[in-house]
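Q: Each chain is listed here by its residues.
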Amino acid sequence: MKIQLVKLAHARSGDKGDTANVGLIALEDKFYPILVREVTAERVKQHFKGSCLGEVERFELPNLGALNFLLHESLGGGGTLSLMTDAQGKTFSTALLRMEIDVPEPEVDTLELR
Amino acid sequence: MKQKIRIAAGQGFWGDLPDAPVRQVEGGPIDYLMLDYLAEVTMSIMQKQKARDPNAGYAKDFVPLMRRILPACFERGIKVTANAGGVNVRGCAGAVIDVARELGLGGKVRIGIVTGDDIMSRLDELLSRGIELRNMDTGEPLSTVRDKIQSANAYLGAWPIVEALNQGAQIVITGRATDTGLTLAPMIHEFGWSNDDWNRLAAGTIAGHIIECGAQVSGGNCQYEWRSIPNLADVGFPIVEAAPDGTFVVTKHERTGGWIIIPSVKEQLVYEMGDPREYITPDCVADFTTIKLEYEGRDRVRVFGIEGRPATEFLKVSISYSAGFKAVGTLVYSWPDAYDKAQAADRILRGRLDRLGLKFDQVLTEFVGVNATHGPLAGPPHADIPEVQLRVGVRGQDRSAVERFTKEIAPLILTGPPAVTGFAGGRPKVEEIVAYWPALIPKGEITPVVEVLT
Numbered sequence: 001m002k003i004q005l006v007k008l009a010h011a012r013s014g015d016k017g018d019t020a021n022v023g024l025i026a027l028e029d030k031f032y033p034i035l036v037r038e039v040t041a042e043r044v045k046q047h048f049k050g051s052c053l054g055e056v057e058r059f060e061l062p063n064l065g066a067l068n069f070l071l072h073e074s075l076g077g078g079g080t081l082s083l084m085t086d087a088q089g090k091t092f093s094t095a096l097l098r099m100e101i102d103v104p105e106p107e108v109d110t111l112e113l114r
Numbered sequence: 001m002k003q004k005i006r007i008a009a010g011q012g013f014w015g016d017l018p019d020a021p022v023r024q025v026e027g028g029p030i031d032y033l034m035l036d037y038l039a040e041v042t043m044s045i046m047q048k049q050k051a052r053d054p055n056a057g058y059a060k061d062f063v064p065l066m067r068r069i070l071p072a073c074f075e076r077g078i079k080v081t082a083n084a085g086g087v088n089v090r091g092c093a094g095a096v097i098d099v100a101r102e103l104g105l106g107g108k109v110r111i112g113i114v115t116g117d118d119i120m121s122r123l124d125e126l127l128s129r130g131i132e133l134r135n136m137d138t139g140e141p142l143s144t145v146r147d148k149i150q151s152a153n154a155y156l157g158a159w160p161i162v163e164a165l166n167q168g169a170q171i172v173i174t175g176r177a178t179d180t181g182l183t184l185a186p187m188i189h190e191f192g193w194s195n196d197d198w199n200r201l202a203a204g205t206i207a208g209h210i211i212e213c214g215a216q217v218s219g220g221n222c223q224y225e226w227r228s229i230p231n232l233a234d235v236g237f238p239i240v241e242a243a244p245d246g247t248f249v250v251t252k253h254e255r256t257g258g259w260i261i262i263p264s265v266k267e268q269l270v271y272e273m274g275d276p277r278e279y280i281t282p283d284c285v286a287d288f289t290t291i292k293l294e295y296e297g298r299d300r301v302r303v304f305g306i307e308g309r310p311a312t313e314f315l316k317v318s319i320s321y322s323a324g325f326k327a328v329g330t331l332v333y334s335w336p337d338a339y340d341k342a343q344a345a346d347r348i349l350r351g352r353l354d355r356l357g358l359k360f361d362q363v364l365t366e367f368v369g370v371n372a373t374h375g376p377l378a379g380p381p382h383a384d385i386p387e388v389q390l391r392v393g394v395r396g397q398d399r400s401a402v403e404r405f406t407k408e409i410a411p412l413i414l415t416g417p418p419a420v421t422g423f424a425g426g427r428p429k430v431e432e433i434v435a436y437w438p439a440l441i442p443k444g445e446i447t448p449v450v451e452v453l454t
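From first to last, the protein sequence lines stand for chains P and C.
Position one of the first sequence corresponds to residue 1 (our numbering), numbered consecutively onward.
Position one of the second sequence corresponds to residue 1 (our numbering), numbered consecutively onward.
Next up, chain C with everything else stripped away, as it sits in the complex (with noise of 0.2 angstroms):
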């Protein structure tokens, strides 16, 4: 057994910077590459894009990625775990193996895939036999939106990616698995911790909590002393070495710029907490009121003395729903009296909306510049402020009346309040709304399915 393991984080969501994986794996020794690809809407829009084509429908910027690091990634034996897959994990699966023939690594690399978590096909019969899965934040039965959902999953742990290297996967590709479990997976993998080792299991969950938002722990939106980060134009995204008794170190390659600090893990520590005590993922419970941390180094914080418990008998499911339109126009107001302007034009394209009759489910204005961050607690803004954007956003079920909205907001320009610009966009484009709804189903219903493709 390996007594240390390196797992690099490459991407932080969907749309990260496209060179950090490669830095990762050419920056300097690592084992893994965790890739997380998905947030709580991405399967809609994969969804989407699998109806409008057979073949889309996963994270297509894994496959131009996969062409540029897999021939390293080969001859270093390096895994990949990746939630590329989204709605199509055999479709990805399929575009990799074509680039590893390309590559002249046909049949060499070995392709796991982990399927199972789509269930939307399965939805009526779920609820025909009492699941409900009712919404976890608002407690509503699914019925209310039955029929305006897009996509249903349910989030995977780590077992299934265990499972896919166990039989030797080099690229684990997964739809809906959770982010923690991408870089548990790989310690279970190589250290050979059992399903009911918790304080082992909540310490690679927290690992991964870590590293899941690549560069924010590594002095990405670090507000603790940000004027003095080093270099963030070369920012390293974060590593975590893994030893097989649960404690590790974060840290990243030498040589590039960013931080790895107590601080800076403590923000990220903290990043979307609920109670801290109860952090829940398939894998388990962990506790993060036990989590120690101390410098092993510059740019190296080791995280010890974790403690976790068993898991809960649900798996989380993310399901997706229509739920109507929305659209946001904005206009800068300039000196003098800039935000008295912008209020002036906000009265009068309500006017226009209340004349126009249109019905909307919410109307809400910001000021930028006076308090679209910050409310009512930034108080008034200093009277000579040299500008404002007004911000005005509406939504609505009636797809028309949103368009309408739209048409509203040039024609302030030249029938209304002076000094105003800032159109240079064109129309605001009216948007679909795609909502999530959490629910949570009994695991004993989902059947991860675990394939070794060449």
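Next up, chain P with everything else stripped away, as it sits in the complex (with noise of 0.2 angstroms):
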């Protein structure tokens, strides 16, 4: 079943340079796993396209619950250069949570997600 991450996970963005950096903070603690499993830096490159012009690294929190992600070259330029209405990156944290992911139904229904 697919499930939007706004079901499963907060997220707060913010700025340094031109990366972005979203961390993405699962709503309850047995989400994580499930986060941990779909949302790879590769998905989160794919969902980015066109706005993440250069690489997406992951790091794991597990004691937070929470992933970070850095979007480099996002920001169009990044600071004071950027001509972007969101140049630090705020809502980057939002557009994550847009991301549909693919959980098994019996996932689902232990999970309580329906």
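The calculated DSS-like cross-link candidates involving lysine-lysine, where the alpha carbons are at most 27 angstroms apart (straight line), are:
id, chain 1, residue 1, chain 2, residue 2
1, P, Lys16, C, Lys316
2, C, Lys148, P, Lys16
3, P, Lys16, C, Lys48
4, P, Lys45, P, Lys16
5, P, Lys90, C, Lys292
6, C, Lys292, P, Lys16
7, C, Lys292, C, Lys4
8, P, Lys7, C, Lys292
9, C, Lys292, P, Lys30
10, C, Lys429, P, Lys16
11, P, Lys90, C, Lys316
Quick caveat, the hints were computed from the structure, so don't treat them as lab data.
Everything numeric in this text was worked out from a predicted model, so none of it was measured.
Two chains, two frames, some hints: make the complex.
A: Right, here's the structure in full:
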């Protein structure tokens, strides 16, 4: 079953130069393993195709039930150079929450996602 | 030794809620007030102000704020750590001393100042000795922008602030000090932590990270259950209650709005994070994967288990340089066909810019209401979308080209697609771009200077 990340996680994003960071945090601890399995750096790079021109790096924080993504070359030069409305990458968080992932039916039931 | 100190955050950036620090002082018991004023390009703004007026170049708001809170701070022994000094720490301290005199506290309030971060006048000497100050992001040598540099400051950490506190300063004013150092320093000073106690230094650093953006940890910009956040109009700024063992509680004054919950603390922890195992400051390397959180009551989150590693041999340097000019123009198109009209206007505008032969490094068009935040991920807008804002930005080295662009926006109202408005603000302003150049410098090259004045 397709599940949108907004049902599984909350997020906050920010900037460092031309790199946006997105911290993706499981709404419940039991969702964290799904995030680790499904929300890979490759999937995130694909999701932000056209906005993120560089590499995507992923870091795991099991202690917080969170993943941190670095989206390089995403902010139109970054900082004061950028012409973008969102030069600071503040809304990359919710843009990631749009992503849909596949969750197997039995897991949908055990995690009460229906 | 105190068994607990309360460090309150009063400003998350230069321009944050003006009354927040006052409310932190008056709303309940605190021992320290921490004020972070400096964003990455703030130093260049201050450098320009100082060039026009040698008495300027620091966070001006800090002085009237001290006028409001200094009597209460003096009476109750509340100490202040602030990087309000910008590029004129001494000028800032002088203004605060004048205020103290006017309040009848002349000679009673000891002001610590930390300088030595400003390396603007040493750049050529450093470069000549082979310290290249390459851009940490791009690897380019500083020589590519040498003649455009406007400010250059090393980020100092907690230890010079500790030294000022040890010498009896009640107000410590710094230039380019790290925001985390402003929170860590009071802990080192009160608890006597040593300079290789990496776990505790990391804990104090992470405490600083949690409160450095003010209310962004206490309900502001909080995605988690955002509709349920109580009374943001009266949001309480965060307070760290630190213990000598390096554990701490994040909280806020009673009877204030917002909330301190584990999800709000997690959101702030991941804010502007890079590699979570390598949060590098002048004082230590903090490991965010060791942080543990638990509730200790309403609006109280306990943070413990933090581990850190030795600091690196380098300090980060923040250099600002002039990088051309930019301007952004906007117009609003209404139903029907709002998005189509905005797109047509953009094509017309670009056609005119081409015909004028104007050269830009970049021209960016966004349609606010359609794609300005989520880009293509948002999908096509509803056919009946009531309005769309056209937003076109240009950037380039030639000021006159950018200037010319600003004259092409308003004419679109009478010479472009219909049902357009939103030009009340007049022509877009041409802005000089001051860009940020992050670099590293060996620690031995920087000597912080601490003085205590009255």
